[in-house]
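Please put together the full structure from these sequences, using the hints given.
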Amino acid sequence: MKIFLDTNVLVSAYTARGICADLLRYILTEHDLLTGEINLLELRRVLKGRFHASGEIIETIEAELRDATIIQKPAKPSPIPVRDPDDGWVLASAVDGQADLLVTGDQDLLAIADQAPVAIVDPRGCWDRLRR
16 MKIFLDTNVL
26 VSAYTARGIC
36 ADLLRYILTE
46 HDLLTGEINL
56 LELRRVLKGR
66 FHASGEIIET
76 IEAELRDATI
86 IQKPAKPSPI
96 PVRDPDDGWV
106 LASAVDGQAD
116 LLVTGDQDLL
126 AIADQAPVAI
136 VDPRGCWDRL
146 RR
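Those letters in the sequence shown? Residues 16 to 147, per the working numbering, in order.
Since the hints were made in silico from the structure, they are not lab data.
Remember, it's a predicted structure, so these values are computed and weren't measured experimentally.
Mixed in with the good hints, there may be bad ones.
Here are the simulated EDC-like pairs of lysine to aspartate or glutamate, each with C-alpha atoms no more than 16 Å apart in a straight line [stated by the list, open to error]: (1) Lys-91 with Glu-77; (2) Lys-17 with Glu-57; (3) Lys-63 with Glu-77; (4) Lys-88 with Glu-45; (5) Lys-88 with Asp-111; (6) Lys-91 with Asp-111; (7) Lys-17 with Asp-115; (8) Lys-63 with Glu-45.
Distance ranges between label pairs, derived from CB positions [as the list claims (entries may be wrong)]: (9) Ala-134 with Asp-101: 19 to 25 Å; (10) Ser-69 with Asp-37: 23 to 29 Å; (11) Asp-143 with Ser-69: 33 to 39 Å; (12) Thr-30 with Arg-147: 25 to 31 Å; (13) Ser-69 with Met-16: 31 to 37 Å; (14) Ala-31 with Gly-70: 17 to 23 Å; (15) Asp-123 with Glu-71: 15 to 21 Å; (16) Asp-99 with Asp-47: 33 to 39 Å; (17) Glu-71 with Gln-113: 30 to 36 Å.
Think of the CB as a built atom: it goes at the ideal place given N, C-alpha and C, for glycine as much as any other residue.
Here it is in structure tokens:
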């Protein structure tokens, strides 16, 4: 299964123990991990700004993620209206990558799940689907 992880899931996976960290490890071993180039830019910014991660740690994380599939920035954002315009780029990236699931904790993306061309779930929803 091709699983696209949004930035907030990646940040949680790398900065805390819990479901996001477990989910990332499971996806890396059992499924195809996808994320977007735009997500990596945001990940770098958040790790440095909010968590004061060193450049070396950020480079190590990015190198690990670049072993997965990184979707280049789409030509245009998703046409589905989303409250935060940046989320349109995330959704378009997941669609361009032909993801089976977009995993996010972002309530704006979760709110449009019934309209999206890709299944959008939170980390617990992803975990439940994968462990069935």
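Against the structure, the hints come out as follows:
1. Lys-91 with Glu-77: Violated, because 24 Å separates the two Cα atoms, which is more than 16 Å.
2. Lys-17 with Glu-57: violated (21 Å)
3. Lys-63 with Glu-77: Cα-Cα ~13 Å, so holds.
4. Lys-88 with Glu-45: Since the Cα atoms of Lys-88 and Glu-45 sit roughly 26 Å apart, the hinted pair is violated (cutoff 16 Å).
5. Lys-88 with Asp-111: Given pair Lys-88, Asp-111 holds - Cα atoms ~9 Å apart, limit 16 Å.
6. Lys-91 with Asp-111: Holds, because 11 Å separates the two Cα atoms, which is no more than 16 Å.
7. Lys-17 with Asp-115: holds (5 Å)
8. Lys-63 with Glu-45: violated (29 Å)
9. Ala-134 with Asp-101: 19 to 25 Å: The hint (19 to 25 Å, Cβ to Cβ) holds, given that Ala-134 and Asp-101 are roughly 20 Å apart.
10. Ser-69 with Asp-37: 23 to 29 Å: With Cβ atoms ~25 Å apart, the hint holds.
11. Asp-143 with Ser-69: 33 to 39 Å: About 35 Å separates the Cβ atoms of Asp-143 and Ser-69, which means 33 to 39 Å holds.
12. Thr-30 with Arg-147: 25 to 31 Å: holds (28 Å)
13. Ser-69 with Met-16: 31 to 37 Å: holds (33 Å)
14. Ala-31 with Gly-70: 17 to 23 Å: holds (21 Å)
15. Asp-123 with Glu-71: 15 to 21 Å: Since Asp-123 and Glu-71 have Cβ atoms about 33 Å apart, the given range 15 to 21 Å is violated.
16. Asp-99 with Asp-47: 33 to 39 Å: violated (26 Å)
17. Glu-71 with Gln-113: 30 to 36 Å: At roughly 33 Å between Cβ atoms, Gln-113 and Glu-71 fall inside 30 to 36 Å, so the hint holds.
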